[in-house]
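Colleague: Top to bottom, those sequences are chains S, Y, B and Z.
For the first sequence, this note's numbering assigns the number 1072 to the initial residue and increments by one for each residue that follows.
For the second sequence, this note's numbering assigns the number 1072 to the initial residue and increments by one for each residue that follows.
For the third sequence, this note's numbering assigns the number 1072 to the initial residue and increments by one for each residue that follows.
For the fourth sequence, this note's numbering assigns the number 1072 to the initial residue and increments by one for each residue that follows.
In short, the hints are calculated from the structure, not lab data.
Hints are supplied without guarantee of correctness; some may be wrong.
Any copy, or any two copies together, can satisfy a pair, since identical chains are not distinguished.
[What the hints assert, rightly or not] Derived SDA-like pairs: lysine to any residue, alpha-carbon spacing no greater than 25 Å straight-line:
{"#": "1", "residue 1": "K1263", "residue 2": "G1484"}
{"#": "2", "residue 1": "K1263", "residue 2": "L1245"}
{"#": "3", "residue 1": "K1263", "residue 2": "G1419"}
{"#": "4", "residue 1": "K1263", "residue 2": "A1242"}
{"#": "5", "residue 1": "K1263", "residue 2": "L1317"}
{"#": "6", "residue 1": "K1263", "residue 2": "A1305"}
4 protein chains.
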Amino acid sequence: MATNVERTGRYFLRFLETNGEMDDQDQFSRRLSSRIGELPPRVPFGAVPSPEDVTARWQTLPLPTASRDTLYGRLTAEDIATFTGHIENCLGAVQLPLGVAGPLRVNGSAAHGDFYIPLATTEAALVASYSRGAQVISEAGGCATLLVDEGVGRSPGFAFRDLVECGRFVAWALTQLDAFRAAAEHTTRYGKLLDMRTVVEGNHVYLHFDYETGDAAGQNIVTFATEAICAYIAERSPVQPRYCFLEANLSGDKKASAQSYLSVRGKKVTGEITIPADLVRRRLHTTPERMIEYFGMGSLGGVLSGTIGVQGHFANGLAALYIACGQDAACVAESAVGVTRFELTPEGYLYGAVTLPNIIIGTVGGGTSLPTQRACLDILGLAGPGHARALAEVCAGLCLAGELSLTAALSAGEFAQAHQGLARGALASAPAEIVRSCRD
Amino acid sequence: MATNVERTGRYFLRFLETNGEMDDQDQFSRRLSSRIGELPPRVPFGAVPSPEDVTARWQTLPLPTASRDTLYGRLTAEDIATFTGHIENCLGAVQLPLGVAGPLRVNGSAAHGDFYIPLATTEAALVASYSRGAQVISEAGGCATLLVDEGVGRSPGFAFRDLVECGRFVAWALTQLDAFRAAAEHTTRYGKLLDMRTVVEGNHVYLHFDYETGDAAGQNIVTFATEAICAYIAERSPVQPRYCFLEANLSGDKKASAQSYLSVRGKKVTGEITIPADLVRRRLHTTPERMIEYFGMGSLGGVLSGTIGVQGHFANGLAALYIACGQDAACVAESAVGVTRFELTPEGYLYGAVTLPNIIIGTVGGGTSLPTQRACLDILGLAGPGHARALAEVCAGLCLAGELSLTAALSAGEFAQAHQGLARGALASAPAEIVRSCRD
Amino acid sequence: MATNVERTGRYFLRFLETNGEMDDQDQFSRRLSSRIGELPPRVPFGAVPSPEDVTARWQTLPLPTASRDTLYGRLTAEDIATFTGHIENCLGAVQLPLGVAGPLRVNGSAAHGDFYIPLATTEAALVASYSRGAQVISEAGGCATLLVDEGVGRSPGFAFRDLVECGRFVAWALTQLDAFRAAAEHTTRYGKLLDMRTVVEGNHVYLHFDYETGDAAGQNIVTFATEAICAYIAERSPVQPRYCFLEANLSGDKKASAQSYLSVRGKKVTGEITIPADLVRRRLHTTPERMIEYFGMGSLGGVLSGTIGVQGHFANGLAALYIACGQDAACVAESAVGVTRFELTPEGYLYGAVTLPNIIIGTVGGGTSLPTQRACLDILGLAGPGHARALAEVCAGLCLAGELSLTAALSAGEFAQAHQGLARGALASAPAEIVRSCRD
Amino acid sequence: MATNVERTGRYFLRFLETNGEMDDQDQFSRRLSSRIGELPPRVPFGAVPSPEDVTARWQTLPLPTASRDTLYGRLTAEDIATFTGHIENCLGAVQLPLGVAGPLRVNGSAAHGDFYIPLATTEAALVASYSRGAQVISEAGGCATLLVDEGVGRSPGFAFRDLVECGRFVAWALTQLDAFRAAAEHTTRYGKLLDMRTVVEGNHVYLHFDYETGDAAGQNIVTFATEAICAYIAERSPVQPRYCFLEANLSGDKKASAQSYLSVRGKKVTGEITIPADLVRRRLHTTPERMIEYFGMGSLGGVLSGTIGVQGHFANGLAALYIACGQDAACVAESAVGVTRFELTPEGYLYGAVTLPNIIIGTVGGGTSLPTQRACLDILGLAGPGHARALAEVCAGLCLAGELSLTAALSAGEFAQAHQGLARGALASAPAEIVRSCRD
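In isolation and in its complexed conformation, chain S is listed as follows:
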């Protein structure tokens, strides 16, 4: 076993080793220092993909021909046309395997019904695990889900000379809400300014504007709306900031943040299920008691490792659903925080709940109009206007399904086998128990 010092040193020692010819630190310097040599061509910029544009790009750049065939060879002009407004410098498309889980019965305030859930992933066992969880939830009568809050924010920052100017600015800003709302809502048909929050840190003021964004995920809506507010401020404020920024990194955009629990970013949803003990035994191969034991140890494991909230792997289900359904996959970084809880009911049933404060999702805009993504939303029956809240509740139900299945697999000692059997792609070689767990 390595000491901390040896371990710290490994990267450097390895570097020297793997560059055999380098026998001194000068070599290290040469390798890491700026170089002057000629650059290969810049990627020619193009915002409107077309077959000519894509073909020209492959020809201009020193990229592998085989890759072109794979990534671009089978795309039609119609395919390429659908990418307009979604990509710059287009090279073609990547393809991800798509599986389906379910049905997942959701008895929610917005979602109500039985859902087959499309999941795009390259990781074995993911779909099997979520599907098992979804089916168990459905057999137990379906999960209840409740959309608790929603809103997406932007946080422009304003730097002043001193606190006196901050005070004058805030005092003015507090009287301008109607004007701010008017300016903001002039830029958008769907966005509505919900609230403003003020953070004063020395001579810096952050104004946090929170919006409803209809059925869109809404990051662009809130950007444009807040820019309009900033323009109004620039024109009218009795005290001008020394400088300001449209977003000063307080909004939590694309980042896991502790503030999610107290406020909301996107949609905050909670969901729950109660499962009879015999169903746990039959379908999950373990007992409620054993799952509670796992929860007791795993939730403190999360706390001790410094996570924001405590949960198992919300990220798995969310990433697969987001990719399939045209959501912004980067938002997994912020959406995959939350809390999972398991308890034993007085009747000896298993009670499970998940709470996700930060689901960033939409059924219009973003990638939702792309053909395969739209087809996935159609599988859910949630494409287009009027469905964003339901989609958020389905996300919560899906995460609940995943937590159930993961916790059960760890409790039943099946976690490793499931991955072993399925990752090797051979059902025949999978342990009988796993096959059974998926098939049953």
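Following the hints, put chains Y, B and Z in place on chain S, whose structure we already have.
Modeller: Below, chains Y, B and Z without anything else, positioned relative to chain S:
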């Protein structure tokens, strides 16, 4: 503006409103309560996709026909065959637009050269922004990158009757490292047990095992290896736990965690660039001073919102690269933490650095063998064995490019326009400045 | 250097070593296991201290006689009488050295004037350092301070059968605010219910009640007021919780919590100062530039170590002031979070700011009526009603003074010498520079 | 109820209101802006307290005479002499009521016996609550405690031109451990360098040095030792940093930090107790089941509020013990983090455990030699060399006692009454149940 109470109540009031027929809380109860009605058919489980398997699934399930045509219609039997071991319950495939950024010059300890970077996303402006940042880095001589540590862990948990048993167990475990290593490395050709760490919390013991996993991301490797250690413990430990779990949620798997900075999960990389002021002005349309001002306000914005580390949007670049290159997209949740720093050098240049403690990445295994994903790795020149460390350094360089471009856009007041122009997909309608910023 | 494993094992190996007679793990077991032997007498309970009570306690318990003389020997019956309502099981009193720092000029919204600040501590260099900082602030014209928000909360928790019951309960609770306020304010002359916030986590509901508490720190006020609300709920709620608790650990009471930045706990204050460069040089022996360098490195040091906010040592000044002035010293745990920022102004001056979201402080109630504590408040001129907000602003100014002095000492390379000179108690032996730094 | 905007505005509106004569923002400006007027006298610096020194200070400064009588009137020259090396600018002393809790039976690896615990506080109910918990623990056979790790660190930071210089520096530093140790240990009789850890963040390197510090809390020891290492680096390093600082804020000094769980700061201790159900009922007036219910809700309450770890109020007991026993009270900020866990054993008993990663404590140095503080250590039997580890285990036992008593009070619905009865200082007026709970 809504009061907290009104805001809290919105979800409930909205629920009642949007279900016009519901004039009392009984309706609410009926909607959220478990239902007894018949379930639609379970997804028939299938781990080995084939045309027959996929076709049967579409026929068995009540899914939209149009979706089938879109998601499955054009796939060949060969396409489907490549999905084996990557998906269960296969329905077909989703397609994401692919763009290319760069070149990005990396002068790293592992990566060394000029890289064109494939990015799969549905979000306008993402590729343009990263490409601009990459080009500026390259024109400034390239970024230096340094892989500082690596390792992937599993954390089995053991529950004992009391601290006395914990003490006996730990005392024994500390003498068994060679045996643990032998057991672990029996399961894997590439994994190496690096270290063991012990956490005692009352009568619970977590053993954290840290592994090198060669060029694989390694989650399966460490699962199987740790299972072998657990089996050895079950057989030999002088004191048996009341219960134990292969993973007790301490490893940070798929979760942003504060422990990343002190240890490592995956690959820990730092990267830096120094950019002359005139290059900042010419290509980023702002000044080093203004970008420092943003950094001063934005880094505290991150702190005040309770993020783990402070950065802008690592998640954007990582998600797009992970999806393109066959990485586990769920790992964006843990990888997208870190620190960005900008400073003014004594010469008035802009200095920028990023540090990512948690890059989970591989060039073998996972989705890296799928055709389009493999083609993307080929564009990078980093497919197959021997390239994982270089890929991690490219990730750091990419994040640095993104932070530069984002910070510059916010500093130059171009952030909203860039999104507006590109999201609407019409270069013609984009503000001239943005087109220039991308084209130049 | 020790490996992780050796290090992990040290505690156990040391245990065996330091108990030489123990040559096996049975000894370990015997030591840690419950013992059956007879217990010494319980501390006889007494809530009303009197000379008789204290004397009897020393006689009843097997405590050292010399300790009695030291802790109790010089106290009069009057002294003891003043302890009534502040201590149970009284043994006497401990004495802490008291120093004074200042003057600190505060130009605040509540505090306005020049303050001499009483600080009780046993740690050398603390008073000297804060006094230096305070004097520099005053010479620069005084710090501006702004009380930004205030409120103290309690968070009762209610567990229901399911989400349906949660929804019914919340729907009812949202209509009962006037009744809640009436119930709460019936228990207190000074407390006012400001706001209610609802957190739904599965079948758990947390209601967070926020109060103004006049000039008292307010923890008891909000406890009694919230108990009255809970009683009202128990009597009137249309749906009864399975169980509930007056405080369900969401309020952040006595704990550093990330939610402080978004809400408030106690008083949220920000303060700032701008210091000419020559004053920095003359009195702090360094330059604004060098202090900015420290800030750049130190603030990321805080981020990398996972603190809540980034600052140097708010705890030092707050603990010393809290103890001197009869505040609840345990509240240092929650109050000592916040943000420090240093910047260079366009004129080359040093700008510094601190923001503390969580100052729990009062000028009535708690320990403020004890003789020495009241005397310390009199030194500040802030004893009794009407002064709590000013005291909070003085706290912010004091923390700003400490951050200035600490940062300057680290920047000037004087940090170690200051401690060395002063801890050894001999001015003569202190490095001349330090003496100068304190004396000047 | 106030809207967010109204709430945000309160501070400003209040400011204008409470300064009735101010009818415009200019008044606000005048109040918060720097003032030019004359300053009152500086506190005359004095590091060696003596009656002459103290008397002169009171005469020189415009402080209240009555305060002098209270704070200084009864102190003898001998009293003042004992303060040497503990305070600057001495004014006298403050007095805190001292109570005693226990006995607390500790079956630890270092502490072993029955302890009466001195607690200095001004807050009613604190001693009563901890004493009740301690007695219950003792009646159940005593708590087991285990010191798991120890070490105190300093983290100097070094800024270089670029990553190349960082790499050269780290490569050199890794070979200098023996020299670093020699330099460090030359400054101290008790300190031992345990380990070095390296953090590279762009062109910044933090070296974290971890020390054992014998029976001292050790902050000064590690400061002086690390300064010697820095001097060695300044003399010998082949690459000189652009600048460096003795402490770059990575060590967690005086701050709650998430890194504590993975490393250690001070002493890391875990402790546990198992309590029969009838003892819970008889002495705590509740049941194990009800306490588990509280734990289930309270631990997630902590998670949702963003605390580091989950616990109730470690700060209460630690602050009272630290003040009584001459510890650095500011360290409550870092020590009061950790984890509490309650479970039901298979036999229906209550199992409770606490883990504190960060107890900063010593039995020599700091305030431990002051008369009343030394007397408190004598009550514990833990004064002087050889007792620091035992004192840390007693701290853990004390925190366990507090968590038990608090959780029980909340579970039994006695929390508010206990505070109400005891804060009003009249045993007669205390609810009978509380008196019973304390007396029994």
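Colleague: None of the hints should be skipped; say for each whether it holds.
Modeller: Hint-by-hint comparison with the structure:
Proximity of K1263 and G1484 under a CA criterion of 25 Å is satisfied inter-copy only: 23 Å between copies versus 49 Å inside one chain copy. Proximity of K1263 to L1245 under the C-alpha cut-off of 25 Å is found in both arrangements, the shortest distances being 18 Å within a copy and 23 Å between copies. Taking CA atoms no more than 25 Å apart as the test, K1263 paired with G1419 passes in neither setting, with 46 Å inside one copy and 43 Å between copies. In this homomeric assembly, K1263 and A1242 come within 25 Å of each other (Cα to Cα) both inside a single copy, at 23 Å, and across copies, at 24 Å.
Taking the closest pair of Cα atoms, K1263 and L1317 come within 25 Å of each other only inside a single copy of the chain (18 Å); across copies the shortest separation is 37 Å, beyond that limit. In this assembly of identical chains, the alpha carbons of K1263 and A1305 lie at most 25 Å apart only when taken from the same copy (21 Å versus 38 Å across copies).
Taken one by one, the earlier hints fail for this structure only at number 3.
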